[in-house]
Each structure stands twice: as C-alpha cells, then as structure tokens.
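Take the given structure of chain A and dock chain B to it, following the hints.
There are 2 protein chains.
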Amino acid sequence: MFKNILLTIAYDGSGFSGWQRQPNARTVCGELEALLSDICGALVQLNGCSRTDAGVHAKGQRASFISDCPVPAERLARVMNDRLAKDRLEGVGEIRILEAKEMPEDFHARFDSRGKRYVYRIRAGWGEAGSGPDVFSRNYCYQVREKLDAEAMKKAASYIIGTHDFKCFEAAGSTPRESTVRTSYSLEIDCSPAQNSGPATGAALQDITVRIEGDGFLYNMVRIITGTLVEVGQRKRSPESIKDTIASLDRSRAGHTAPPQGLYLDEIFYQ
Amino acid sequence: MFKNILLTIAYDGSGFSGWQRQPNARTVCGELEALLSDICGALVQLNGCSRTDAGVHAKGQRASFISDCPVPAERLARVMNDRLAKDRLEGVGEIRILEAKEMPEDFHARFDSRGKRYVYRIRAGWGEAGSGPDVFSRNYCYQVREKLDAEAMKKAASYIIGTHDFKCFEAAGSTPRESTVRTSYSLEIDCSPAQNSGPATGAALQDITVRIEGDGFLYNMVRIITGTLVEVGQRKRSPESIKDTIASLDRSRAGHTAPPQGLYLDEIFYQ
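The listed protein sequences correspond, in order, to chains A and B.
Going by our numbering, 88 is the number at position 43 of the first sequence; the sequence numbering is gapless.
Going by our numbering, 171 is the number at position 126 of the second sequence; the sequence numbering is gapless.
One thing to keep in mind: the hints can contain errors.
Since the list can't tell identical chains apart, any single copy or any two copies may satisfy a pair.
Here are the simulated SDA-like cross-link-like pairs (lysine to any residue), alpha carbons at most 25 Å apart as the crow flies [said to hold, decoys possible]: (1) K131 / R71; (2) K199 / D295; (3) K131 / A70; (4) K131 / P304; (5) K131 / F181; (6) K288 / E276; (7) K104 / E191.
These are computed hints drawn from the structure, not numbers from a lab.
Chain A extracted, bound-state conformation (with noise of 0.2 Å):
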C-alpha cells in the first residue's frame, strides 16, 4: 500500500551544501533520500518545500514522499532519528524529524504551502564590546561589529511589509520568473541583550532577530533585506530610503547579502 508521508525537519546546515541534492556534495535532501532508501527498501525521492543553501538552517522544514515503507507513519520519525543519531549519548544529529505524518495521496509538501516564516540572528556590538566575534556562534547568527540601532531597522522594515514587487531584494542572476511580487504579511524586529555573554560584555552586545513571514520568497529575499536593514541599524541608509529602494527594482539599490549562517526556515504554512 502506497502512502504519502509528510516530514517535519530540523537542521543544522552548517556541515551541508544546502538541502537540494547534488551528485557530489553532501546535502540535506540526499541524505535523507538515502536513509529512507534503505528504511522503506526501495528508492524515496523527497519533494522538499525550500531549497535551503549551503550554511542556512531549518526548524521547519517540510517535505512528502510516496512510498509502501514497511515502517508505519507513527514510528517513522523515531527510526530515522536514532539512524541519525549514531554514536551520540543522549544525542542528536545534524538533522531530526520532528514529525512524520500520513497525508492524503494527492498532498505534495510544496505546491500546497501557503506561506513561510524565516527568521535571522544577528549578534551586534562585537566591536563597541571589545569582545570580539564568539567563536560559538560563527555557524548560528550573523556577528555585526557596530551596535545597531533597533528602532531605525524596525521603522525600516515597515515599509517592507504588504504586497510589492521585490526585484531589488532578488539576488543579481536569479532564473527570470513569472513575476517577483510577493506578500510580506509580517515583519518584526526583536531586540535584547546577548544571553550566555560573559557578565564584562553582556551589557553591550544586542541579540537581534529579524523574522518574516510570507506567501513567497525570491533567491536570497531575506539575506538581502536582513543586509539592508543591518545598513540602516549602521546608519548607513536611512529608514525612509528603503521606498525608494523598492520602487527602483534594482539589486543595487539594495544593501548586501547577509551571511547564510545566521538564516533559520522556521515554519512552513499549509492553508
């Protein structure tokens, strides 16, 4: 009996080339296509909902296979999380499912989702802290160098909000598409200080979270608009430009692309 299975999936992207499979590169799809190729004896080809890149980590990733695995949908996440687990005490791999879930045969993990969350961490002050950048995080948030300030990104950012055609937050080459307008139904700013830093620094360091939702993304959408508002918390672009920047259609109006470490997938919509 053939069943369609829906995966939840956390990752760690640090060690991946990203989730799509690639002949010769370790990524997250292909590893799970092998895993699952030997649970279910036969070969599983995953429809992922994002393709992720290379350093970029998921709390939510989605993704449906069909197959007739012996193994039943219940029991499914914790056989593929202790083979992912190998070796570890009380451990964990770089990747875990969260969830696996039957769902009817006409079901596919991409083309129904209705939107997504991302969020990205960003680390700021470093400089100002006289601290340095924490070995630690390197993999996990985006280490900024100048505090940065919070207000000017989030009133950056409201401007960002709402349907508009993001060409200028498309990565530079990107395949052409249909069209690049998209609906941002949320963009929020969180400011704290830095947990776990050290009693000296902790004061100066922020924790900054940018987190997006949306019914789409373009190629890099979110690094690109993380780098412009970072620009902004520098001071080195004013809130009130990013109009213009979206009225240009044009990526070098933009800011930069934020590192891919500090992207996180966090939730996938359906309906």
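Same frame as chain A, now just chain B:
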C-alpha cells in the same frame, strides 16, 4: 631577538581531534603551529597548557612559544585572527586568539600555571518537554532526557570540594601518575530555565552549568565527575554516596563519562 609569547585562545573543538598535535589528524595545536610558522618564517612549537580531547572547547586555553617573530606581540592576535577567519563576512574562525603578550624568557604556559577552571554545560529535560534534543546545541552541551534534581547535585558536589585522592574519577587505563591527589577549590552548580527554547518548551528545559576550579585535573576527571553528578540528578545514586565513591579509589564505582561536547576549558590561573 627571540621573544617568549603567551597566547590566550578560544576554540570550538567540534571539528578538531583535540588540542595536541598528531601526524594525521586536524588538531588545534597543529593548525596554530602551521599558521605561526608561516607568519614567523620559521618552525614554531607551541607549549599548550591543557591537552583538551576531541570535541572539547576552550574559552581560555593558554600556550606559549619562543620565536624571533617579526610581528610585534601587540599586533599578533589581529594578524592571526584575520588569517583564521578568512572568507567570512564580519566573521570568526573556529579558533580565535584573545590575547598575545610578551612574557619573561623563563615563563612556560604549562609549568607556571597554578590551576584551571572548567565549565561543563548540560541541557536537561527534553524528554518531559516533548521537544527532543536540539540539533543546534548538539556540539555545545550534554542533552539529558530527564529533568535533574539540581539540589541533590549541589549536595553531592560539596563532597568533591577540597583535597582528595581522586583516583575514582580518573579514566581507567590512564598512564600511571606519581599521585592522584588533587585539590578542587570550588565546584558550583547553577540551574536556570533554558534560554532560546520555544515558549512551549522553555519552562520545562533546564540549563545546568557545572563550574569546577582546581590545582590540576586527572585524565577525564571533569567529565567523570559530571557523569556522576548527572546520575545523582537522575536519582540513580544519593548525594552522600559520593563520599564512599571517592574513598573507594575505584573508577568502576563512579558514574559514566559525560560526553566531550559539554566541556569548556574556561580559564587558566597563573601566580
């Protein structure tokens, strides 16, 4: 003019086969010696203070070397960090030099040290929280399924403070030493709700920090003490039983060896 230079070093041990140089493995000492030899234009040998194991981290490792390095000590940290962080936007490598300082010619990083502090990080309670272990913490703490009784662990820790023959906490098969008597100056246990865990699970997860200072440590001593304290926290052994365990001088009477990724060499003391 030959100078004696002392480095203070932080590193993420996840990707290294430990500190000590080895012919066919990537080690922290090996990487730094290669870099320093290149910068100084002559072979450099580092005298490290502590031989951390594979996967163990450091926030304050110390190592000294003698060289006629053309870079002045006050510029050396910056020159090394630029090379260690190459290809990263505002970034940092796996190793970061926190300080480089010229010392008297008879100074030696290991022989002149008077003690060390280690920190061991535990995140406990993922079973009850229903969250499972976290992929992003897997290289940085010991993720224990059960919530732990921190008060019992503190009670147990009180028996470990002071001067004792700690043979029961030395890895079996270690090279015999002149003496297995050591003094632990302090052993603190802090327990707080885990940070950065989701709102649903935050209340149930514990971040537990074991902080131990002493004049010296036997091989795997901190990890065996931590494993024993975790078993007290799981109520598998009583706090008072630690007295008999120490008196037995028998490794098999102590608890399991906690995994390497939770351990941080925090600071080394001089004078």
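Comparing the hints with the structure gives:
{"no.": "1", "hint": "K131 / R71", "verdict": "both (18 Å within a copy, 23 Å between copies)"}
{"no.": "2", "hint": "K199 / D295", "verdict": "within (22 Å within a copy, 60 Å between copies)"}
{"no.": "3", "hint": "K131 / A70", "verdict": "both (21 Å within a copy, 22 Å between copies)"}
{"no.": "4", "hint": "K131 / P304", "verdict": "between (30 Å within a copy, 14 Å between copies)"}
{"no.": "5", "hint": "K131 / F181", "verdict": "both (23 Å within a copy, 16 Å between copies)"}
{"no.": "6", "hint": "K288 / E276", "verdict": "within (15 Å within a copy, 59 Å between copies)"}
{"no.": "7", "hint": "K104 / E191", "verdict": "between (28 Å within a copy, 23 Å between copies)"}
The earlier numbered hints are all upheld by this structure, with none contradicted.
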